[in-house]
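J.: For the record, the sequence lines run as chains A and B. Numbered as in the numbering used here, the first sequence ends at 1045 without a single skipped number. Numbered as in the numbering used here, the second sequence ends at 543 without a single skipped number.
I should point out that these hints are in silico values taken from the structure, not numbers from a laboratory. Check each hint, because a few of them may be wrong.
Said to hold, decoys possible - List time: in silico DSBU-like cross-link candidates among lysine-lysine, alpha-carbon distance up to 35 Å: (1) B:Lys298 to A:Lys864; (2) B:Lys481 to B:Lys513; (3) A:Lys849 to B:Lys277; (4) A:Lys864 to B:Lys390; (5) A:Lys849 to B:Lys443; (6) A:Lys736 to B:Lys345; (7) A:Lys679 to B:Lys520; (8) B:Lys298 to B:Lys498; (9) B:Lys383 to A:Lys849; (10) B:Lys277 to B:Lys376; (11) A:Lys849 to B:Lys498; (12) B:Lys390 to A:Lys849; (13) A:Lys679 to B:Lys390; (14) A:Lys849 to B:Lys533; (15) B:Lys519 to B:Lys380; (16) B:Lys520 to A:Lys736; (17) A:Lys679 to B:Lys481; (18) B:Lys376 to A:Lys849; (19) A:Lys679 to B:Lys345; (20) B:Lys223 to A:Lys679; (21) B:Lys238 to B:Lys383; (22) B:Lys303 to A:Lys864; (23) B:Lys462 to A:Lys864; (24) A:Lys679 to B:Lys250.
Below, each chain spelled out in residue letters.
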Amino acid sequence: MSDPVKTDQPEVTTETVEVAPGEVVAQRSVDVRMSTARRVGIGVAIVLIGLVTVLGLGLSAGSGSTSFDLNAGDVGIQLPKVNVPGTVTVIVLGILIVLVGVWQLVRGLQGAALRWAGIAVALLFIIAFLTWAGSAGKQSVQIASLLQQTLLLATPLILGAMAGVMCEKTGVINVAIEGQMLFGAFAGALFGTIAGTWVGLVAAAVIGGVMGALLAVFSIRFLVNQVILGVVLNAFAIGLTGYLYGAVMAKDPTGTNTPATFSPIKIPVLGDIPVIGPLLFDQNIMVYLMYLIVAVIDIMLIRSRWGLRTRAVGEHPKAADTVGINVLRLRYQNVIIGGCIAGIAGAALTIGSVGQFNKGITSGQGFIALAALIFGRWTPRGALGAALFFGFATALQTALSLFQSLPVRIDSDLLAMLPYLATLFAVAGLVGRVRAPAADGEPYVKG
Amino acid sequence: MRSVMKIAAVTAAATMVLAGCGSKPGTGGGAGGSGSGSDSGTGTASGKKISACMVLDTGGVDDKSFNENSWAGMQKAAKDNPNITIKYVPSNSGTDYTPNLTKYAQGGCSTVIAVGGLMGDAVKGVAAKFPKVQFAEIDNSNQGVSNIYGIEYNTAQGGFLAGYLAAGMTKTGTVGTWGGLPIPPVTIYMDGFWEGVQYYNKAKGKNVKVLGWDEKNQKGGTFASSFTDQNKGKSITQSMQSQGADIVFPVAGGAGVGAGAAAAAAGGKLNLIWVDTDGCTSAAQYCKYFISSATKNLSGGVETYLKAASSGNFPTGNYIGDLKNGGVGLAPYNQFDSKVPDALKKEVDQVKADIISGKITITSPSQPK
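Next comes chain B alone, as it looks inside the complex (with noise of 0.2 Å):
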């Protein structure tokens, strides 16, 4: 019994030793993650050498989500420029924020870009401790801090297209819209859904309703309180259809791919409009339920931020990705090009113009300043 104990005991071990590996692909180059950029360059060296490190959260680098196009961002921008050398590391919980950041700030990284706003304060606390390295956060302003740079996005923009389109495809007159959790980058997303289908009610004089949020209710709304739970989420869609609605907005990540198959379990009856990334590459299996998609570039900010620093200096402020730079948007139709009415097409390309033009204000309490 003892050596079968031993045996055991060496193997699980062992196990967590290749699991430790396993999880930094970063520096070893496992899944996804390279550790050096100039093997992997294939465009001209150009400007200062710069060493790029990647702070990811909770998910993983393959969560089809912020952090994934966010480690996108860093690739592209390496594969570009060789004199950019990229690494990340994935946070496990939010305990992990600062250990990981400081680690990177004191291992000669010239700069560290931190993903996702709730890593804020981790960030602001590194910064001061490090003002010699450059960080980067997504997600949240730069809170005043020279040594930060804030890439933040204004999704109520791609969300009120998202909420137009919803509004003219509907046919119930109902339409909906969920959350992972009642938090301001995911409510943003459901603010401008919800603003949408009121502005194309005041324009057309229609009256459609929008399930599940109601922007001037911001403590209200329906949520899974999960950004993983897909059964949840069919369950909050299929609620969502027996009371009328025939197209949702899931803003909650792996939750809302439960919304994929409530639009499977419909059969046609119920459509779907994707949120961060064109739903037709990151849940393609779901592909004919969607409408569009309010998209989030948040590789392009990152690519941007990391050109302009490797020409020599590193930018300071905020960068606000929105419907003119290109930030945020509305995907392809894809397989409902066909069925989106082109009268419709070109509104929504109007609303766009409006939008970007001041005509059209957007209320929404979560934008980035």
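One chain only, chain A, in its complex shape (with noise of 0.2 Å):
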């Protein structure tokens, strides 16, 4: 079970699988000794991206001072809005980054160290370039409405995503996400508008939890190829629902797409801590499920003899076997779920945040959660991860897009890549690299 060492990486490399409760079931591999050429490569690599902050981002910001308003709307305790002088802060932000750099060349961090390091390169250059984007000083940075729409954009990916964890860390790739989620939608908003919305919830994760099973059969059973399969599924879910959305609810559209929606509801006292307060504790019933979902799944799959089956059977089917898991059922069993939670992440964009159905409203989203899963290295604290940076990268995008009098012009076409070029260089820098569950995509066959 281990990668061959590249040449050009002299350093010594142990890889670990440990499947004892408490460890995650995931190849480690642990530097002992960095290269030298890897050490300077990451190095210089921090060191450029300060200096482009500092020549790029620096010199080019407005002459006003940037304003960072933290407040979502005027309920709650108020806070001041926090006025930092614009091409100051950028540089000191830039050098800062600069300083990350040069301590890594000298000092060769690695491991978690060296992820730190980089999600604090991150964040320094993210907080630079906002604060260049305000330097005009004309409109402020609304930081708490900039992380309230990531949150709201996020949820319905990181709950994609937590579908794809189930069925994959099992060993069946889903590629139906977003027909799971088309079918979870158009549930939630067709039984949302007949029954109430905790119907349509329900309705949401019952008809996820059939494409589910659909995913299952073809794929357990009759071992059809899961990528084409998924590809299949996702094309067939468009299809029913645009027939359906014309023959049902176009025709009547008071009496079968107007679902109401999930009111927030506020946590007391935590819901009254600023910022966080009301953006994490008063929100609708969809987002503590989710919540909830990746808590759940996080720590069952490492601290419960189901995670520990089931990574087993994604891992090594055979092995498993062997000691009486029984492999299908428990992908059966998986796979049943994960649809569920695919078809609520459907459900939250209609009953849990727009209140209407139209056809092809996943838009995408069940390929971006797809990409969160792998980015985030099939684990539910990656995937919450890179949802929430694709999230906030969108915001980003619209944010940007606000401001009447950037530094420099952006071109819509350009601003619209942000998200998908953003989350490119996250992973680049922070992820590198990933591996699926060995057994991801393979039907286990007895015998």
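Using the hints, build the complex out of the two chains.
T.: Right under this line is the structure:
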């Protein structure tokens, strides 16, 4: 179970797969001694980012001071706006990034320390960029709104990615997240209108589960190529929901396509914390459900018997079978649960957010969720981080386009690329090599 | 296992056949489409018998937007004059345009009407191959071809009125507009809106700001990159609200409905102006947030064309819908009727009259020529 060590990397590498409860089953490469080339390469890259910040952003920043608004609306405790001088702040932040790079050059950070250094560089750069964007001084940078929108945009992605985790950790590739979400969104809107939002939520989960069961039956029992199967299921979902929309919803929109949406519920005490309170603890039930699902999957996958077995089945089904785990049954179960979660992800769009279904409402978000899963190294936490980052970059795209006077004009077409570009860089810089569960996409045939 | 697979395969095949039937209601008489106009006609037959065929763009006949409205014009013409028979075919993607147009041009249609400016090249190509068939294209000029009739709309004029109205109604001094994609049929509305606000500022000595679009910077602006992603639409609208906007003008089809959700979440602090159709009809559940709508009378344009065609001679050149001929305009204020001050209503009417008389010049580069 070891990857061939690349010849240009002379470091000693030990890779372990720990299967005892309490440890992540993931191949961890522990660099005992980092090669000089790698150390210098990363260091130089960080220094370059710092220099771009100082020279590119710092010198082009407007002469005004940047104002950061941390209040979400005019409710709750109001914080004063934070005003900082534009150019100076950007340059100081840029110099900090350069210092991190120099530190890396000298000390050769590795493992977790390097990861944290990467996160620090990313954060410093984002703050510098926001300062630069607001440095014309005419509009304040709405930090609270930016984070609110991040969560709004990321919630369906996170749920979709969790659906992917459920399936792929157990060895079934789920390309059909998009289709499952579409069905969930449709069922949520339809049953949400007819019988109330809670029924809509349950219906979305059920119909998502049915789609998951289809995926499970064809991939596990009939051994159909899982990627192609996913594509087919997506086409099926687009076609059927589109047809049903025309046949049912378009005829009587009031009676079938005007579900109520869940209203925000404020958690006492926690909801009163400035900035974080309204952001995290004054949300609707779909967001709380998302927290719960992420936490449960994250804990269960590592700490429970089910999690151990799931990971074993996803990594080495034959070994799992040998010790008496019912491989196929576990796969069926997990793929169907995954489908349910994807259905809920779809419902997060209709009854969780906008209160109406339209054809193709998911608009490719299922695929973004799939990407978040992969960028997040097939772990719940990683997928959460990747989905949040994508949501943030999308919210940032909108926020930037609303500045009437950016120091430099940016094309709307270029801005439209931002979420994808930023995610790519973040993945390349922070995530590095990713490895799927070993048996992902491999059907298991006994014998 | 084999037999189960066989049953599954047969079922799947049967589903596809059924789905195939479902996707062509124009010929089968399914959802809303009626294959022959004679049985539904209530008007009196006049003129020549013509068969009018419509190639729809993606989105389907029930898109509550340009496909549906264009088809409504066909239905109205057929109802008034039983000599006009109508049918349509939807396009599932851009690659369907040419085959659909060719099929209808070959299939005995006297006129083929293409819906949407995206079909421009396809229409030009097919029209050259079938010089005896009369074509018409909505949202595009005739491209200098004699057997194409262009049906265009100067929606900047309606957008101008919407901008003036928004500037007059805002309490925060900031309004916003955003689009689906940065393409001329979208940005022309945003141009008009922007100009309307500037005109208001100049006339009143005010300084109402426009978020999301600046006519002088055609490469900027705020876009959802989608006409279907409602959640993104909601997010954009809420971001505009956080920057102080209290009236937003979304130009993004289905994605724009998300702005309605943002308005509902804002609980009255944010209102909207709808686009293309009267919002109180096409997105009725958000009617109480719609101050008005900048409309584009697609059905009227199609109907006028068919009436002229059935009288014997197919019209040539281009039809440009504007404020003067009612092709574009401002919808009723509906639930805002009592909230819009009478003085402002009069001013909007005056601005409309000034645009028609040419006293106000609209400078949008996307206007039809």
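J.: Which of the listed hints are not met by the structure?
T.: 1, 2, 4, 7, 9, 10, 12, 14, 17, 18, 20, 22 and 24
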